[in-house]
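Peer 1: Following the hints, position chain X against chain B.
Top line first, the protein sequences correspond to chains B and X. Residue 1 is where the first sequence starts when you use full-length UniProt numbering, and the numbers rise one by one after that. Residue 1 is where the second sequence starts when you use full-length UniProt numbering, and the numbers rise one by one after that.
In short, the hints are calculated from the structure, not lab data. Where is the CB? At the ideal position from N, CA and C, for every residue including glycine. Please note: incorrect hints may appear among the correct ones.
[Said to hold, decoys possible] Cross-link-like lysine-lysine pairs, in silico, BS3-like; alpha carbons within 27 Å at most: (1) X:LYS113 <-> B:LYS100; (2) B:LYS113 <-> B:LYS132; (3) X:LYS13 <-> B:LYS113; (4) B:LYS122 <-> X:LYS113; (5) X:LYS113 <-> B:LYS118; (6) X:LYS113 <-> B:LYS139.
[Unchecked claim] What follows is a list of derived Cβ distance ranges for each label pair: (7) X:LYS122 <-> B:GLY25: 23 to 31 Å; (8) B:GLN16 <-> X:LEU148: 44 to 52 Å; (9) X:ARG145 <-> B:ARG38: 33 to 41 Å; (10) X:GLN75 <-> B:VAL143: 22 to 30 Å; (11) B:LYS139 <-> X:THR8: 20 to 28 Å; (12) X:LYS24 <-> B:ASN147: 21 to 29 Å; (13) B:GLY116 <-> X:ASN51: 53 to 61 Å; (14) B:PHE142 <-> X:GLU23: 20 to 28 Å; (15) X:LYS24 <-> B:ARG146: 19 to 27 Å; (16) X:PHE142 <-> B:ARG145: 46 to 54 Å.
[As the list claims (entries may be wrong)] Not everything, but these chain B residues come out facing chain X in the computed CB check (under 10 Å): (17) THR8; (18) TYR9; (19) GLY70.
2 protein chains.
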Amino acid sequence: MDLLFDDTYYMKKALQEAEMAYEKGEVPIGAIVVIHDRIIARAHNLTEQLNDVTAHAEMQAITAAANFLGGKYLQDCTMYITLEPCQMCAGALYWSQISKIVYAAGDSQRGYKAMGTKLHPKTKILGGVLEKEASDLLKRFFVERRNLN
Amino acid sequence: MDLLFDDTYYMKKALQEAEMAYEKGEVPIGAIVVIHDRIIARAHNLTEQLNDVTAHAEMQAITAAANFLGGKYLQDCTMYITLEPCQMCAGALYWSQISKIVYAAGDSQRGYKAMGTKLHPKTKILGGVLEKEASDLLKRFFVERRNLN
Chain B
1 MDLLFDDTYY MKKALQEAEM AYEKGEVPIG AIVVIHDRII ARAHNLTEQL NDVTAHAEMQ
61 AITAAANFLG GKYLQDCTMY ITLEPCQMCA GALYWSQISK IVYAAGDSQR GYKAMGTKLH
121 PKTKILGGVL EKEASDLLKR FFVERRNLN
Chain X
1 MDLLFDDTYY MKKALQEAEM AYEKGEVPIG AIVVIHDRII ARAHNLTEQL NDVTAHAEMQ
61 AITAAANFLG GKYLQDCTMY ITLEPCQMCA GALYWSQISK IVYAAGDSQR GYKAMGTKLH
121 PKTKILGGVL EKEASDLLKR FFVERRNLN
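Okay, chain B solo, but in the shape it has when bound:
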């Protein structure tokens, strides 16, 4: 049995990051980076708090993971993200040469697939892990925000 450290386990950690974003009034998206069953970066969206469109969870997680590793390439790393990456984040992941990306909910409007962004040929990608949990959190955020306005 090797169930503990599977994709679902790590996606739950990314969802915890998304919940931290939610509590700060940020669009609730979280990301973590794992290498050899060890979490080396955790981040959540901070675009509102930092007033910065580049402060997506994935961008911060790439910077933090590279800092931890002491090198800018994320070979042997997997990023878990609660939402399919956008053009910017997929473009950053391209430069990082990351080995694997696992995301929860798809984004048919602004996701890298709809936008036609290219991933690095070395990168594998898998979607749909804890999709419902991630998309429910996003829906709850946008419903609440609509009710506040």
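Peer 2: Positioned in the frame of chain B, the structure of chain X alone reads:
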């Protein structure tokens, strides 16, 4: 006569940033952000020094300009860049809703056009301003680097 603060004037400022990158052993690319004839952000590529694939000149310039403006959208701003933006930077510029992008040299391999990245519908883009100066600097960098190895 209104020649002083034209695209060539500002691109020279971006080229000065690229030269600063060159002196640090970074791929020589610079970017500045201008609003109402005022430079509000200057940056150059720092991917090697920071060990971070996200530290492109454009990304830093977006963050700096938003910080200066106190808001994350770069409406009424123009970014001058010495090289056509990549997927990541074009994706970040998309989120910023910047009004105009002017670049010098094209990038037929990794530029946003070859990669099919979408810009924001509000953004105008113009290439080829001081193209030769920017591409000569890049060529000189790569020739020197080859000779060092």
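Peer 1: All the hints need checking, so say for each whether the structure fits it.
Peer 2: Here is how each hint holds up against the structure:
{"no.": "1", "hint": "X:LYS113 <-> B:LYS100", "verdict": "holds, 26 Å"}
{"no.": "2", "hint": "B:LYS113 <-> B:LYS132", "verdict": "holds, 19 Å"}
{"no.": "3", "hint": "X:LYS13 <-> B:LYS113", "verdict": "violated, 36 Å"}
{"no.": "4", "hint": "B:LYS122 <-> X:LYS113", "verdict": "holds, 22 Å"}
{"no.": "5", "hint": "X:LYS113 <-> B:LYS118", "verdict": "holds, 12 Å"}
{"no.": "6", "hint": "X:LYS113 <-> B:LYS139", "verdict": "violated, 33 Å"}
{"no.": "7", "hint": "X:LYS122 <-> B:GLY25: 23 to 31 Å", "verdict": "holds, 25 Å"}
{"no.": "8", "hint": "B:GLN16 <-> X:LEU148: 44 to 52 Å", "verdict": "holds, 46 Å"}
{"no.": "9", "hint": "X:ARG145 <-> B:ARG38: 33 to 41 Å", "verdict": "holds, 34 Å"}
{"no.": "10", "hint": "X:GLN75 <-> B:VAL143: 22 to 30 Å", "verdict": "holds, 28 Å"}
{"no.": "11", "hint": "B:LYS139 <-> X:THR8: 20 to 28 Å", "verdict": "violated, 49 Å"}
{"no.": "12", "hint": "X:LYS24 <-> B:ASN147: 21 to 29 Å", "verdict": "violated, 50 Å"}
{"no.": "13", "hint": "B:GLY116 <-> X:ASN51: 53 to 61 Å", "verdict": "violated, 29 Å"}
{"no.": "14", "hint": "B:PHE142 <-> X:GLU23: 20 to 28 Å", "verdict": "violated, 47 Å"}
{"no.": "15", "hint": "X:LYS24 <-> B:ARG146: 19 to 27 Å", "verdict": "violated, 48 Å"}
{"no.": "16", "hint": "X:PHE142 <-> B:ARG145: 46 to 54 Å", "verdict": "holds, 48 Å"}
{"no.": "17", "hint": "THR8", "verdict": "violated, 28 Å"}
{"no.": "18", "hint": "TYR9", "verdict": "violated, 27 Å"}
{"no.": "19", "hint": "GLY70", "verdict": "holds, 7 Å"}
Of the hints listed earlier, those the structure fails to meet are numbers 3, 6, 11, 12, 13, 14, 15, 17 and 18, in rising order.
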